[in-house]
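A.B. asks: These protein sequences, in sequence, are chains A and B. Each step along the first sequence adds one to the number in our numbering, with nothing skipped, and position 396 is 396. Each step along the second sequence adds one to the number in our numbering, with nothing skipped, and position 13 is 13.
These aren't lab readings, by the way, just hints derived from the structure by calculation. In this text the structure is predicted, and so the values were computed from the model without any measurement. In this text, a Cβ means the ideal position worked out from N, Cα and C, and glycines have one as well. Just so you know, not all the hints are guaranteed correct.
What the hints assert, rightly or not - DEER-style ranges, computed between Cβ atoms:
hint	chain 1	residue 1	chain 2	residue 2	range
1	A	D67	B	L25	38 to 46 angstroms
2	A	R28	B	I11	16 to 24 angstroms
3	A	A144	B	I11	42 to 50 angstroms
4	A	R395	B	L25	24 to 32 angstroms
5	B	K6	A	F156	13 to 21 angstroms
6	B	I11	A	R294	49 to 57 angstroms
7	B	I11	A	K151	52 to 60 angstroms
8	B	K6	A	K382	31 to 39 angstroms
9	A	K382	B	L25	40 to 48 angstroms
Claimed, not checked - Chain B side only, calculated, beta carbon under 8 angstroms to chain A, not exhaustive:
hint	residue
10	R14
11	E15
12	N18
13	P20
14	S21
15	F35
16	T38
17	C40
18	V42
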Amino acid sequence: MVDPAILHTSYVLAHAPDFVRYGSKPTREIETDPSLLAQVADALRPWNEVVAYPPNQTFIGNLTPDDLAAIPRPWLENLVPDAKPDGPFGRIVTQAALYGLMKLCDDFELLTITDAVAEQARTELTRFEHRRDQIVGVSADELAKVIEENKGLELFHEGELAGFIRSAHDRDASLDAHVLFENLACKATAVLAVSDVFDGSPVNPEDVDYMFNTGEEAVGDRYQRGGGSLSKAVGEVVGCLNATGSDIKAFCAAPVHALIAAAAMVASGLHKYIVVLGGGSQAKMGMKFRAHLRNGVPIMEDCLAAMAFIVGPDNGDAMRIRLDLTGKHPIGAGSSAQAIYQALVVDPLERAGLNMTDVGRYAVEMHNPEITEPGDSGDVPKTNYRTLAAMAVLRGEIERDEMDEFVAQRGMPGFSPTQGHIPAGVPYLGHAHAAMRRGELQRAMVVAKGSLFLGRMTQLVDGVSFVVEPSQELTETNE
Amino acid sequence: MDLKDKKVVAIGEREGVNGPSLKLLAESAGASVVFSVTQCFV
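Looking at chain A on its own, in the form it has when it is part of the complex (with noise of 0.2 angstroms):
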């Protein structure tokens, strides 16, 4: 059997401050109330403060963990100083490269930029060869007529009206202008983040034999709403030629279903190579603005967030998965925080002989509590790291007082957007492959959990696992 392994990571933050207002629950405030707008304009954060923002340095690789719980909060107002956007294993993007990718991305002429944006556009995408041709604009006198003759959503940039996306179809709710810009903006981060994963990768995208998206958009019409398959549209722009695709829809374990599927793929020796890859959530762009507008806080959902990662045969360079260490929570586990942490994590290293402390590092819900505080949601990583360390306690693995040395050094501060499946413990897994590189870690467990009850057809949770471990060369090199 081939030893799957996580061959490369990137991540990508595309700054998109005028998306704000298109977010799902700013659209519906703002619809009751129209002066929450300005309020909302006011609060919005420049690209500076956004890439020295220490979370999202620590998103993009520049910043570990470890570094960043050391920074003191509030962060907001302990930016990293000399901050660059580009990281080892992501980058930020402005809000202008993000309407270029959204034009190259559109096969259907729905989005129409000015040439005042797509100029920027072409300027400031940078590392990134595929359709640029495609960034085109037209003159502020055609944006309005094509405002005047189509049904849509008008867009912004820096404040001022710079584009419109129209609608597909007249009476097909699936096919509006606000569902389009939300799949298109899912389309072009995700582009980005696998255009990016090759950068640095022994493979490249013609190699790429299967992908799964795992993102949370809904690509469809009236007759298959979210019938998806975003994976293959993000393949055809990057060049993945040899590639088919699908998408695995779980909420927000979405992702870690994807890499456990991908793994057993690998492992099988149906596919050799395969991309799992998931785009930004423009639904949940300033999801908790009201808290933050409340607590006198700038609107911190303020970037749609996109990653990709390549699976294929251990090369050395890796992180194997262990797909004798996977973690289901099945449907008859019950929902406590505690049933899920059995059936995810204690049950998997039961059946190999291990204990909790044998893992070096879990990476759970990693959400940045700077953005969940202010609208009372608490501090999610620590919530999950707490019930971990509990359990750690129940099976005497370690004593009572050492709950907090057991969260320190095994959990880390939540310094992902919340995007949805963006924070389900993927976000560690470019750390993860650092810190295996240079020999400081040996073991760590991936823990997604889906809210399946959300879409009202069960009252069910899900959740998954997996454990990842250095390639054997890495741990000879190491020793």
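Dock chain B against chain A, hints included.
C.D. replies: Here is chain B on its own, set in the frame of chain A:
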């Protein structure tokens, strides 16, 4: 708190106690649960 014969709205959370569990608890204390839901606040 005495919940007997009280009307209860049970709002649970994925990272804490879910809605169905809150509903069972309230009903076992004699309450009538008029609405129960689980939220995901992230």
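A.B. asks: Does each hint hold? Answer for all of them.
C.D. replies: Results of checking the hints against the structure:
1. A:D67 to B:L25: 38 to 46 angstroms: Holds - the Cβ-Cβ distance for D67 (chain A) and L25 (chain B), about 42 angstroms, lies within 38 to 46 angstroms.
2. A:R28 to B:I11: 16 to 24 angstroms: holds, 19 angstroms
3. A:A144 to B:I11: 42 to 50 angstroms: Holds, at about 47 angstroms.
4. A:R395 to B:L25: 24 to 32 angstroms: Check passed, 26 angstroms falls within 24 to 32 angstroms.
5. B:K6 to A:F156: 13 to 21 angstroms: violated, 49 angstroms
6. B:I11 to A:R294: 49 to 57 angstroms: violated, 20 angstroms
7. B:I11 to A:K151: 52 to 60 angstroms: Taking Cβ atoms as reference, I11 (chain B) and K151 (chain A) lie about 37 angstroms apart, which means the hint is violated.
8. B:K6 to A:K382: 31 to 39 angstroms: holds, 33 angstroms
9. A:K382 to B:L25: 40 to 48 angstroms: 25 angstroms Cβ-Cβ, so the 40 to 48 angstroms window is violated.
10. R14: holds, 5 angstroms
11. E15: Given a least distance of 6 angstroms, the restraint on E15 (chain B) holds.
12. N18: With Cβ-Cβ at 5 angstroms, under 8 angstroms, it holds.
13. P20: This hint holds: P20 (chain B) lies near chain A, its Cβ roughly 5 angstroms from the closest one there, short of 8 angstroms.
14. S21: Holds: closest Cβ of chain A sits about 7 angstroms from S21 (chain B), inside 8 angstroms.
15. F35: violated, 13 angstroms
16. T38: holds, 5 angstroms
17. C40: Interface hint status for C40 (chain B): holds (4 angstroms vs cutoff 8 angstroms).
18. V42: holds, 5 angstroms
Checked against the numbered hints above, the structure breaks hints 5, 6, 7, 9 and 15 and satisfies the rest.
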